[in-house]
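Visitor: Listed below are the residues making up each chain.
Number of protein chains: 2
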Amino acid sequence: MHISSTLNPDECRTLLESERYGHLGCTADGDVYVLPVTYAYKNNAIYAYTHEGKKVDMMRKNPNVCLQVEKVDMPKGWESVICWGVYEELTDPAQLKEGQFLLAERFAEQWKERGAITTFSPLVEDLSEVIEGRPAVVYRINIDRMTGKRRTFG
Amino acid sequence: MHISSTLNPDECRTLLESERYGHLGCTADGDVYVLPVTYAYKNNAIYAYTHEGKKVDMMRKNPNVCLQVEKVDMPKGWESVICWGVYEELTDPAQLKEGQFLLAERFAEQWKERGAITTFSPLVEDLSEVIEGRPAVVYRINIDRMTGKRRTFG
Chain E
2 MHISSTLNPD
12 ECRTLLESER
22 YGHLGCTADG
32 DVYVLPVTYA
42 YKNNAIYAYT
52 HEGKKVDMMR
62 KNPNVCLQVE
72 KVDMPKGWES
82 VICWGVYEEL
92 TDPAQLKEGQ
102 FLLAERFAEQ
112 WKERGAITTF
122 SPLVEDLSEV
132 IEGRPAVVYR
142 INIDRMTGKR
152 RTFG
Chain W
2 MHISSTLNPD
12 ECRTLLESER
22 YGHLGCTADG
32 DVYVLPVTYA
42 YKNNAIYAYT
52 HEGKKVDMMR
62 KNPNVCLQVE
72 KVDMPKGWES
82 VICWGVYEEL
92 TDPAQLKEGQ
102 FLLAERFAEQ
112 WKERGAITTF
122 SPLVEDLSEV
132 IEGRPAVVYR
142 INIDRMTGKR
152 RTFG
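In the order they appear, the protein sequences are chains E and W.
Our numbering numbers the first residue of the first sequence as 2 and each following residue consecutively.
Our numbering numbers the first residue of the second sequence as 2 and each following residue consecutively.
Same shape as in the complex, but just chain E (with noise of 0.2 Å):
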C-alpha cells in the first residue's frame, strides 16, 4: 500500500536545499541529455559546474533545462522535486564567485559525508581548472517552474 502526494513550493524548496546531488537533462536538435551533478541551491536558482563539452554545447543552444533531484529513504517512502529554468553562465566576477563558494561549501559536504579526507573537495580555485583543454563553465539555472511529489509507504 502507498500513498502519493503533492509537494508544495515550500516543501519543494526545502528538499533541493536539503540535497546536493541531482540529475540534470538538457536537450537540443531532439536529442536529450542526462547527467549527475552536485549543485548548490540559492535564491529560486541552481548552481553548478561542468566543463566545456557536448553538454555545455547543447545547453549553449537551448538554455531550457531541467533538474530532479530525490531524498530516497526506503522502506519509508521518497520525495522528488523536477524543477525547469533557464541555463546561464556565471562571467560576471562577483557572481562566478559567489558561484564558486556556494558549489565548493557543497563539494566539501558532499567528501565529508562519503568519508573522504577534506583535502580531497575542490576549492574554489580548483573549480576553474581546466581539464583536458576543456575550461570550466560555472553557470546556474534561474528557475521557473518546479513540481514535487511524495510516496509514502505503510
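You may find that some hints are simply not true.
The list cannot tell twin chains apart, which means a pair is met if one copy fits it or any two copies do.
[Stated by the list, open to error] SDA-like mimics (lysine to any residue), calculated; alpha carbons at most 20 Å apart, straight line:
id	residue 1	residue 2
1	Lys56	Glu130
2	Lys55	Asp93
3	Lys55	Asn65
4	Lys43	Val131
5	Lys62	Gly86
6	Lys56	Lys150
7	Lys55	Arg146
8	Lys113	Glu53
9	Lys150	Pro136
10	Lys56	Ser5
11	Lys77	Glu89
12	Lys55	Lys98
13	Lys56	Arg151
14	Lys43	Glu99
15	Lys72	Ser5
16	Lys113	Gln96
17	Lys113	Thr7
18	Lys62	Arg135
19	Lys77	Ser129
20	Lys55	Glu89
21	Lys113	Glu133
22	Lys62	Asp32
23	Lys72	Glu133
24	Lys62	Glu106
25	Lys55	Thr148
26	Lys55	Ser6
27	Lys98	Thr15
28	Lys62	Gly31
By construction, these hints were calculated from the structure, which means they are not laboratory data.
None of these values were measured; they are calculated from a predicted model.
Please arrange chain W on chain E, whose structure you already have, making use of the hints.
Guide: Same frame as chain E, but now just chain W:
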C-alpha cells in the same frame, strides 16, 4: 588528484546489469523531463514501467530517450553510463509478460536491499495496476549507442 577513463562496451553492459536504478531523460517540443526509474537490462534493451501521463505522452511523441546510470563508491570513485535508444511500449502478451517478470525481479531485489518486508515488493500483477485512472505502461528502450566513464580518486 583524479584519473578519468572511458568504459568499453563490455564494462558499460556490466554496469547496466549490476545496477537497477537510473535516470531517464525524454524530450518533446523543446521541453525536457528527467525522472528516476527502476529498470532491468537484457539483450541490449532497458525495461521499465510507468503510468500514462506527461512522460508517456512525451515518449510517444518523441521516442528518442536516454538513460543514465551511475555506481558511486566514494571516496574511491565512480562509474557512469549513458545510453540512448528508442522507446517501445510492450503490448504483445509474451513480451509484456517477459518485461513484467524482469521488472518484478528487480523490484524484489530493490525492496529487499532497502530493508522492506518482501511482500511489499510489486508482483507481476501489481505492474498492471491502474493508478488514479492511469493505465500502467511497460516499455523497453532499444539501445542504439552508449558511452561510459570512470573516475578514480587517489
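Visitor: Which of the stated hints cannot be reconciled with the structure, identified by number in ascending sequence?
Guide: 2, 4, 8, 11, 12, 16, 17, 19, 21, 23, 24 and 27
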